[in-house]
Each structure stands twice: as structure tokens, then as C-alpha cells.
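Counting from 1 along the sequence shown, just add 1107 to a position and that's the residue number in the working numbering.
One or more hints might be untrue.
To be verified - Only pairs whose alpha carbons sit at most 20 Å apart, straight line, appear in this in silico PhoX-like list of lysine-lysine:
id: 1; residue 1: K2199; residue 2: K2176
id: 2; residue 1: K1683; residue 2: K1747
id: 3; residue 1: K2124; residue 2: K2064
id: 4; residue 1: K1640; residue 2: K1657
id: 5; residue 1: K1893; residue 2: K1926
id: 6; residue 1: K1269; residue 2: K1186
id: 7; residue 1: K1240; residue 2: K1164
id: 8; residue 1: K1808; residue 2: K1854
id: 9; residue 1: K1700; residue 2: K1747
id: 10; residue 1: K1700; residue 2: K1764
id: 11; residue 1: K1764; residue 2: K1783
id: 12; residue 1: K1764; residue 2: K1728
id: 13; residue 1: K1891; residue 2: K1926
id: 14; residue 1: K2005; residue 2: K2046
id: 15; residue 1: K1568; residue 2: K1608
id: 16; residue 1: K1891; residue 2: K1843
id: 17; residue 1: K1414; residue 2: K1393
id: 18; residue 1: K1164; residue 2: K1260
id: 19; residue 1: K1669; residue 2: K1657
id: 20; residue 1: K1186; residue 2: K1164
id: 21; residue 1: K1885; residue 2: K1843
id: 22; residue 1: K1422; residue 2: K1379
id: 23; residue 1: K2147; residue 2: K2133
id: 24; residue 1: K1269; residue 2: K1240
id: 25; residue 1: K1764; residue 2: K1747
id: 26; residue 1: K1750; residue 2: K1725
id: 27; residue 1: K1186; residue 2: K1172
id: 28; residue 1: K1568; residue 2: K1599
id: 29; residue 1: K1854; residue 2: K1893
id: 30; residue 1: K1869; residue 2: K1887
id: 31; residue 1: K1568; residue 2: K1595
id: 32; residue 1: K1869; residue 2: K1854
id: 33; residue 1: K1599; residue 2: K1657
id: 34; residue 1: K2005; residue 2: K2068
id: 35; residue 1: K1750; residue 2: K1669
id: 36; residue 1: K1728; residue 2: K1747
id: 37; residue 1: K1334; residue 2: K1379
Claimed, not checked - Label pairs and their computed distance ranges (CB to CB):
id: 38; residue 1: T1847; residue 2: R2096; range: 56 to 62 Å
id: 39; residue 1: Q1375; residue 2: G1619; range: 56 to 62 Å
id: 40; residue 1: A2024; residue 2: G2003; range: 21 to 27 Å
No lab work stands behind these hints: they were computed from the structure.
For glycine and all other residues, C-beta sits at the position ideal for the given N, C-alpha and C.
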Amino acid sequence: MRWMRRSLYIVLALLVLLVIGVFVAADSSTVNQWAIRYFANKVPGLSIQGSSGSLLKGLEFQTIKYSTQQQDIEIKHAKIALSPRCLLHSQLCVTRLTAAGIDVVIPSNQSATSKDESSGTSVWTPFWPIHLKNIDLRHTHLMVDGHDIQWQKLSLNASWVKHHIQINTLNVQGWRYQGNAGLTSSSTHSKNMPTALVPSKLKDSLTDYLHQLQLPYLIDIKHLQLKNGQLNLAQSIAIDNASLHGSWDSQQLNITQLAIDSSLGSIQGKLKQQFIPPYQSEFNFKAYRHNVGHVAMQGAGPASALKMNVIYQGKANATLTGHLNWRSRSLPYALQLQIDSSDEVLTPIKKVQAKLDVHGSLTGYQGQLHSRLTSIQSLTIESSFKGNYRQIPQFSLTAKSGSGLLQANGQLRWSPQLMVRSKVNIHQLDLSAWAGQSLPLINGLVNTSFINQQWTIDSDKLSGTWLSNPWSIALHIKGENSHVNQLKVNAKLANNELLVKGAVDQNVALSGTLNFNNLSAFPGVDAGQLHGKFAVSGLRLSPWISWHIKGHNWKMSQYDMKLGTFRSSARLRLAKDLPGRMSLAIRNANYQKYQNISAVLDYRHSANEHQLLTVLLKNPKQSLALDVSGQGTFNQWQGKLNKLTVRSLVGSFNLQKPTPIALSEQQLHLSPLCLKQRLSGSICLTQPAVFGTDQLALHGKIQQFQLAPLASVWLNNLIWDGRLNGQFSVTRNRLKPLATSVELSSKNGQLIQTVSSGESVKYRYQNLFLNADISAGKAKLALKEKSQQLGDSQASVQIGLAKNQHYPLQGEVILSNLKLAPYTSLMGSLSRLNGLVNGRLQIAGELNNPDLSGNFSITDGQVAGPNLPLAVDNLSSQIKLAHQQAYMTGSFLSQGHKATWHGSVRWPNGELSGQLALKGNHLSVHYPPANLVVSPDIKLAVDRDNLQVQGTLNINKGTIKVNKLPQQATSLSSDVTIVDAQQKRVAARALNMDVTVDLGNALYLDAFGLTTQLVGKLNVQQTSGKAIQTTGQIDLQDGKFTAYGQHLEIQSGTLTFSGPTNSPMIDVKAIRDPQRTNDDVTVGVIASGTPKQLTVNLFSDPSMAQNEQLSYLLRGHGITNDSDSSALTSLLLSTGLNQTGQLVTKLGNRVGIKQLSLSTSGSGDATQVQVSGYLLPGVQLKYGHGMFEASNEITLRYQLIPKFYLEVVSGLENAIDLYYEFSTN
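Modelling step: build the complete structure from the supplied sequences, incorporating the hints.
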């Protein structure tokens, strides 16, 4: 530390020399000049040039030099001024002292002094107090003992009274310290480590060196600050800010506050160190480094018993405690290190526990290590050692993991020469749990030695299992320094073998063979073989490498890849220009969806010839052919791209002409080129392109690019007949981030779509334009479309990409006379779609939370289709968006009757809610099997969890004609299981409904023989998670229905709802036509109950037996004596026909007769049991058998055209009839 104290002396002496020298001059320029010359002549080596002014008013010096054999000092452009008032009080007050440049050089051989530089000399003190109030020293350079100190600016406010120096403020900016290069010992490069570097005792105790830090003055530092500095030691450290408060004298150094912020981290702390016995020390420091952690260090005590405690918290938790006697030359010590961490220090290690005890001195020490690492399984490591300053004559280490064991024993010596011997015995060691992947199970013995730069590694057989396959390695390696004199490795895995032998010194001579008969022994490979040989020879820095390898039948299911055959051969020199040759051929390869791939690569380079690379990659649908030639090295290469042919799903391209290409400073430079499409299109680079890690530049244009191949890949069922033109650029360098610009346009094109009917629909446009730009932390996109057929539209959006932003949005969408008619074919269920859409939408907010505002309108709308319940004309709608809300109003006409709606929708934070009200008057609705005229007044409301439907539905008139039950009307038996019915359901909003349906007085039902008028009112309700509940009553008026083969008139009928919709209470009373019943008897049926428990009873007036009632009901007269059997048959019909109908239908399907059914027809004595079915589409066959009369009848009906039939009847009478069916309300 003598250089530091001497540097301080130099600065103080320099200031005193300058002040005293000018103080001898009086306050006149003539006297000043004489005094300066006199003073310069009396001080050897002092030279003062360019002086002017006076001391009290300000004295300036162009140059002051002081040069001796011990030092060289030069001060440039110095200015000094004193205070006359202070002189009257016997004080020297420097009110201003500045210098534009100071250079001080003291050679290292001159700075070496005795143990105590001040011995034998008196300590100089100023005879008057000195006060420095405005010191500004610029561009200073001190070179002392090889220590290089520089700063750009130094500001000082201080005072010096006798032995007391007080620094009030000291600010240094733009400083740099360069350590003494002479301290680096060259002995580290010697073969043997000198004994002097590791003595058993120090020449002097460490406390003896404290005398070098003693100062003959008391320096009191109130505030010291260093900014923007650089400390160059073993590495360069940037010091952003450093501050210090404390004092320093001959007794002690006391730093009360220290704070440093640097590129490595931050340090805060304090220190007190005595320079006299007992050399008491006390320190407390805290440090932090990003991605490393926190360190707290404390210590206290005399030099003979200094106690220390260091705590580290970060990726692990560690504590170091101990004591040190640094007053003794042998440095006795005792240290204990503990590590206990639950963090993932090394993945996948979950917990680390370790304890290291070391105690002793330079003459002898011993230590023990106990550690435990926990992962899927635990690993324990124990070690013990003893040694001295020359060697560790014996050490041992044991590691256990599960059933695995590793034992190592050996010795280590570093003086007088380095020697290491070890013996490692491994048994059933499995480290898979620690690596996070499958590793081999290891057994075996390894011997190593290192003596005087000669080393060996021997193992006759390391063995074990890996992925259930046996493996083994035999190795023998001998070497000296970095040379391998002998190497032999034989590795086996299952029936795969690798053999390597040779030597490596200044030259390389290695050779090997590989015979991999079953690649499935390796992870990720399912099958395959690989055989070959290789060699490395020649100079070590640029050897020749050669190989001949072939493989076949590779299969890697993990990557969905197969390889038929693989062949490769090479002889290459690993030099900058890579001379030699290499070939690679792959056949019958499959990769994911790409089948039957083949690849050929060939590289050649010989003396006086260009390097030539050809590549051919193809499959049945795609191919790539590349031909490159050139000359140079990896760092500096020039050549030509001679050929580039691409055949892809988006078209075929060919390089128009050979193009220069170069590789320089890890950058690929490509001259302008053009890739021509098969007909007339092209993609060209218009400027030289650059590809590199630090720079990217790509500028090009697209001309007449055919869009048809592109559309065939990206657009299903669409043909794009058009040409694309545009330009693009991509740039990036060290100073600017990635910037991309694309401008594309297409004119007078069309999209052709083939719809399900086979018709081709064309969508023509006059202009399409796209502009995309990414730069300056923003992404911009603009789209424009102009079409006389479709209308005009345009959109633009800008997204902020800064990391500290949430992707702000700004944009606009404009629709102008967008026509809906051309899109009719896209809506397969529509026969007509018309209308115009106009509007403007403003986009703001953030990407995850956009704010939309604007207006849209639909006018002159028309919607119709066979599957729509009603036709819509004169549709108009207005939509207004603002602040994440949309307000809607609209109306339409249906067959001259009007409907209106209005509502709003909100989506704050992506949560949808809103309401809609629909009101209409006499709207014609066709929804098979119903044709209705309705007047709805419905309100819908939706939020995140619920959907609410409220209002009324008035049925003004209508008919419901049911010819067959819908599929959902047939319930399955409870013992039926539906396969794959358990599908994942999407969470839906809960439905809450309260709708009143008024049937009016003009609703008629025709279903399965029932014709009636429906009158009544129902209220349909549903609450969240519950079944629909219906209340109300439907009356059956003027009704008739067919039962027991007879037409019955409904006298009274009601359906009363009070619960589930499918379970009304039925109460129906119907009678046979009295005009067709003898004896003035009234007979009929009464049905009551629910659909699942319906009871049907006969009644008559007057009362009579049930069989008599049945006879009157079926035939219109009572039972005669000779018709008993007929009465029983009638009873069978009444109870059995409906039950057997389904069985008959199934039987008909088995024999090929469609819709085979069993029913009754006729009335009275003409009642028949009838079997009917369809032999062919439109051809129906009926067979009827009389139940009360002996008659049989066969009927064949043929449908000529819809609703027009030809019917042939054969029975008691034969007939041919033509029928036309129609219905009326």
C-alpha cells in the first residue's frame, strides 16, 4: 500500500509547492515574475512557463514542470487565487485552484522504500492553516509504482491545520484505475510450482504490513464520492457510484459508511482497523449481485482471535463461521461451512445439505465433508482429508445414492511438483434421477494419475445397463500435458459396438469403426442399422477427417419419421477453406405428412478449384434443387448461386440467372436476384441482401405473381384468378430492432367458388390492397377492397409493441355499399339474400380490451329460404357502438306485416351482456308441421351466467298438420344404452323463461285422425337448472277423431297443464255420430289421465253391457244371436291392433316392404283389417279383410306426380280410379 500513501504525499506536496511558491511574490506583476523566476532557479528540476497576473487577484501558469530522477510532474493551465483577508489572520485561503491537466509519473524502482518511509525524517506540517475552497483539477493522470490512476474532473473543499487534514467534499468523475501489471507472476506458466508460493510460515506476520497503512496525519473525510469509474483488475468493473465517510491516521482506519454500486452488484458496510496492538478489527458488509444473491459478512476481534461470520442467501443458503489468528506467521484457523437449501440449485435437485469442517494452519490441517442431496432419491457424499502446505497425502470420498456406491481414494501434492493419484470404485451407480433423464447404470474401477505433466486414465471394464440393454466401456489413455500418446476405447451397447484408437500430439492419428446392428437400443429410435468407419489424421490444428457410413430401415416414431437408406462418405480437412469432398444420399424417407422423400448432397473442393455444393431434395409433389460454387474460408467466402429450382404446393420457381453470393464476418451477402414463376410471375430481390446475427437487410418486389396455386393451399373450394404485385423489406441491425414493410396489390381478379349444387360462383373485384409495417415499436396494417359487384371496404389498425405497454390499439374499419347478394351461395339454406351494409368503426383501447365506436346500417335487406320460418323484406337495421357497447334498432316486413326490434349489447372486459326486444304483428311463420300467423312481443336479456326470455306470443290463426311423429317424439326404453353419448359439454348460460302463449280462436289441429280447433292460453316458465313448467288450459272445440275404426265427434275436451309440458291432464269425451246409430242410442268413449297413464272407457245412453256398447260403437247396432264371434273379434281389434303395428313395421323392413302397417278401415259392417306397404317408391299395395262381412280387397296405388295417383281395386267390385289430393282450412 506504499504507492497509495506516496500518491497522497505527492498531491499534498504539489499543492504546498505551488501555494508557497507564488506566496513569496508581492501583489504586483513585476515582483511576481521576479519571484517566480527566483523560486524556479532555487528548486532543482522546477520549470514555470507562461505566468501572468498577481497572487491576490489571480495568478495563471501555462505550464509547471517538476522533474527529478524520482518523479516527473507536469501541470497545465493552472490558475490560483488567495484571499487577502485570510492572510491578515495568518491563514492561507485558496479561493480558487484549477488545472486543465496534471501528469505525475514515479517509476516503480524509485518508489520502493524502507519498511517505514518516514523513519529518520520529520513530518512536515504547514506553518499556517491552509483552506482550500474551490479546487477543480481536470484530466489528471498519476502513474505510481505501475499503478495507473486517471480522472476527468476532481472537485475538492478541504482544510489542513497542523497534523489534521479535513476533507469536506471530494468529488471525482470519469475516473479509472489500472492495477500494477507487474504483480502478475509468470510462475503460473512454469512446470513446477515454486515452493516460495506456498511457505509453511509467512516471512512477516500480516500485522507487520499494517505499518504501511499508517499516516503521519489525521485525515477526516466528511464526504467522498466517485462517479462513472472503471476498476481494471483481473476483470474490468464499472463503478457507477461510490461514496465514503471516515477517518485515517497513524492509529487506525475508520470507515463509518461505504456504499458502492457497480456492474457486478452493490456493496454497503463499515470498517474499523487498528494499526497498533492488539490490532483490533471490526467490520460489517452487505453485498448483492443480480442472479447470484445476497452476502452478509461480519467480523470482530483482535488479530490473534478474529471471529468471522459470512451468510449467503440466493440459489442456495450457506453460512461460513470460524476464527483466524493472523498475527501468527503460520496463520492458525478453524472454519466451518454449512449449506442448507430447499431451492433447485441444480435441476432436478430439490434439497441440499452439506457441512465442511477444516482446521489447522499452514503447517498442517485436516477436514471433513458431510453432504446430502435430495431429489427423487437421496445422494450422500462424505469425504475426509489431511494435509500441509505441500500436499494432501491421503483423501477419501464416498458417495451413495440408493443402492449405488462410489468410493474414491488418493493423494494430492503440489510441491515441489504437481502429482495426483486416485482410484475410483463404482458399484450399481444410477444418476438418472439427478439428470432428469435415463442414464446408464454404472459398475467398474477407474484409475487415474498425474505426475510431472504425465497422466493416465485406465479402466478395463466399465459396465452396466441402459434402457434394459447391457453396455460396457474399456478405455486406456496415456498422455503428457495436452498430448494423448495412446488412446484406445471400446464401447458396446447391446449388439452395437464403437471402437476408437490412436494418438493426439502435434499431429492426430485416430481411427475407428462403428457397427450398430440395432439402433432401437438408443433412446428415440425404434429400429435401424448403421455401419461404417472413420479416421482423423494430419496436423492437430487442421486435421483431415474421413468417413464411410451407411444405414437403413431407420424408424423414429417420436418424430414420425422413417428412413429407407442412408449413405455418406467424406474426406475433409478442417481448415478455413474446407478442402476435400463429402456426399450424402437419403432414399425412401417419410417425415410426418411428407412421404417418399429423397435427398442428395454433394460437396467438392480441391486445389485450384472452386468449392462446389449441390443439393437435391424432393418428394412426388415438391422438390428443391440448389447449386452453389465459390472460393474462400468460413470468415471470407465469395461465390455464385448458380441454380435454384423450387417446386412446391404454391407453385414452381426458377432462378433467372446466376447470382453472386458472399460470406463475410458471419454475414451472408446475396446480390439482387429473381425467382421466376412457371408462367410470368416473379419474386425479386432489388437490393443486395444481408443475413447475419447482428444485421438483416432484405428488399424485394413481387410482379404478376399468380395467385391460383397459393389459393389452392390456403383457401378450400376456392379458385383465385388474379395476379399479385408489390414490394417488401425486412431490416435489423445492432442499433435498430427488426423493421418489416410489405405492400401488396391485386387488380381485376376474381374468386371462384364451387357450391354444393355444383354451380360456380364468381366474386369479382377491381382492386385489393394490403400494407403492413412493423417498426419503431408499432405494427400497422391496412386493407382496402374495391368491387363493383361486392362493394367497397377498408380497414386499418395500429398496435403498440413496446414491452412496458399492454399493446395499445388504434384503427378504423369502413364499409361502403357492401352488397350481400353475392354471398347468397355461401348460405346454403338461403334462396335469396339482398341488402346494403354501410358503416364506420373506430378502434381504440388495448389488444386484450379493445374499445369500439362507430355506426353501421343495413338497408333494403331481403332474406328468404326453404328452411326459414318466414320471409323477410325491407330489412333495415342501425347499430351504434361506443365504449364497449352496441345499440341496435331495426325493422322488417313479412308478407306486408311489420316487425321491429331494439336492444343493446355490452362486453366490458370481454364479458357479454345485453337485452333485445322484438315486437311483430301478424307475421306468417312456416315451421313444419305448423303454418301460423303470430304477433310476438318478446324480450331477451343475457349476462355472463343467464339468458332470460319474457313476453307474449299471440297466435292469430294457423294450422298444425301432423302426418308423422318427429324423431325426438319417440322415447327410448329404459334398458336402451346409447354408445358414445357421453360427450364433453360446453358450459351454457342458464335459461330463465316466462312466456305466455295465447292460442287465439283460429288455430286448427290435424293429427293422426284428430281434427279440432285449439283454444286457450298457456304460460311457459323455466328457472335456472330446472325443467320447463307449463300452466294453462287448451280446449278442443268442434273436434273429430278416429278411434276403433270409427269417426267420433268430440263433445268436450280439455288439456290442462300444471307442471311439466309433456304431462298434461287429459279429459276428452267423444261419441259416435247419432245419425248413424240405431235405436236412438248414444255411445262413445271417455279418455282421462296423463299421456303415460291414460284411461279409456266406453259409455252409452241408455246403459248397457260393455260388449253391447262396443257393438254400437263399431257397427251402429246391437249384438244379434249369430254375431257373438264377431263381437269377440271386435274386442280383439279394439285392444290389439295398435300394439302390433310396430311389430308389423319391423317385419316389413326385414322382407323389403317399406312402411308396412296394420290398421282398420271402413265403418260398421264394412269394417276391415288392412295391411299396407310400399313395394317401390311411389308404389303402395294394400290388402283388406272384412271382419263382419266375407269380403277381401286388394288395392294398388301408383303416384304419377306429386299429389296425383292412379289406383286399381280388386274385390267384390273392380275399379280403376284417378285421385288428386289437396287440403283446405
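Each hint tested on the structure:
Note on K2199 and K2176: the hinted pairing holds, with a Cα-Cα distance of about 18 Å set against a maximum of 20 Å. For the hint pairing K1683 with K1747, the CA-to-CA distance comes to about 19 Å; that is within 20 Å, so the pair holds. Under the criterion of a C-alpha separation no larger than 20 Å, the hint pairing K2124 with K2064 is consistent with the structure, at around 14 Å. For a cut-off of 20 Å, the pair hint linking K1640 to K1657 stands: about 10 Å separates their Cα positions.
Straight-line distance between C-alpha atoms of K1893 and K1926 comes to about 12 Å, which keeps the hinted pair within the 20 Å bound. Note on K1269 and K1186: the hinted pairing is violated, with a Cα-Cα distance of about 25 Å set against a maximum of 20 Å. Between K1240 and K1164 the alpha-carbon distance is near 16 Å, which keeps this suggested pair within the 20 Å criterion. Under the criterion of a C-alpha separation no larger than 20 Å, the hint pairing K1808 with K1854 is consistent with the structure, at around 16 Å.
Simply put, K1700 and K1747 have alpha-carbon atoms about 33 Å apart, too far for the 20 Å limit, and the pair is violated. At most 20 Å may separate the alpha-carbon atoms for a hinted pair to count; K1700 and K1764 exceed this at roughly 33 Å. For the hint pairing K1764 with K1783, the CA-to-CA distance comes to about 10 Å; that is within 20 Å, so the pair holds. Using a Cα cut-off of 20 Å, the hinted pair K1764 and K1728 is violated, with the two alpha carbons roughly 25 Å apart.
Straight-line distance between C-alpha atoms of K1891 and K1926 comes to about 16 Å, which keeps the hinted pair within the 20 Å bound. Taking the CA atoms of K2005 and K2046, the gap is near 17 Å; set against the 20 Å cutoff, the hint holds. Restraint check: the Cα-Cα separation between K1568 and K1608 comes to about 16 Å, which is no more than 20 Å; the hinted pair holds. A hinted pair counts as satisfied when its Cα atoms are at most 20 Å apart, and K1891 with K1843 does not qualify at roughly 30 Å.
The hinted pair formed by K1414 and K1393 meets the criterion: a straight-line CA distance of about 17 Å does not exceed 20 Å. The suggested pairing of K1164 with K1260 is violated, with an alpha-carbon distance near 24 Å, which exceeds 20 Å. At roughly 15 Å between alpha-carbon atoms, K1669 and K1657 fall within 20 Å of each other, so this suggested pair holds. Only pairs whose Cα atoms come within 20 Å are accepted, and K1186 paired with K1164 is accepted, the gap being roughly 11 Å.
Our distance criterion of 20 Å between C-alpha atoms is met by K1885 and K1843, whose separation comes to about 13 Å. Taking the CA atoms of K1422 and K1379, the gap is near 31 Å; set against the 20 Å cutoff, the hint is violated. Only pairs whose Cα atoms come within 20 Å are accepted, and K2147 paired with K2133 is rejected, the gap being roughly 36 Å. Between K1269 and K1240, the direct Cα distance comes to roughly 18 Å. Compliance with the 20 Å bound is thereby established for this hinted pair.
Proposed proximity of K1764 and K1747 is supported: the alpha carbons are some 10 Å apart, at most 20 Å. About 15 Å separates the Cα atoms of K1750 and K1725, which keeps this hinted pair within 20 Å; it holds. For the suggested pair K1186 and K1172, the alpha carbons sit about 15 Å apart, so the restraint of at most 20 Å is met. For the suggested pair K1568 and K1599, the alpha carbons sit about 11 Å apart, so the restraint of at most 20 Å is met.
Between the alpha carbons of K1854 and K1893 the distance comes to roughly 9 Å, so the proposed pair stays at or under 20 Å and holds. Between K1869 and K1887 the alpha-carbon distance is near 31 Å, which puts this suggested pair outside the 20 Å criterion. Proximity of K1568 to K1595 is assessed by CA-CA distance (about 12 Å); at most 20 Å being required, the pair is judged to hold. The straight-line distance between the Cα atoms of K1869 and K1854 is roughly 15 Å, inside the 20 Å bound, and the hint therefore holds.
A C-alpha spacing of about 19 Å is found between K1599 and K1657, which places the hinted pair at or below 20 Å, so the restraint holds. Taking the CA atoms of K2005 and K2068, the gap is about 26 Å. The hint is violated against a cut of 20 Å. Pair hint K1750 plus K1669 does not hold up; C-alpha atoms about 29 Å apart against a cutoff of 20 Å. In summary, the hint linking K1728 to K1747 is not supported, as the alpha carbons are separated by about 28 Å, beyond the 20 Å threshold.
The suggested pairing of K1334 with K1379 is violated, with an alpha-carbon distance near 24 Å, which exceeds 20 Å. Distance hint check: the CB atoms of T1847 and R2096 are about 42 Å apart, inconsistent with the given range 56 to 62 Å. The hinted window of 56 to 62 Å between Q1375 and G1619 holds, with their beta carbons roughly 58 Å apart. Between A2024 and G2003, the C-beta spacing of about 22 Å keeps the proposed range 21 to 27 Å intact.
Hint check: violations occur at hints 6, 9, 10, 12, 16, 18, 22, 23, 30, 34, 35, 36, 37 and 38; the rest are consistent with the structure.
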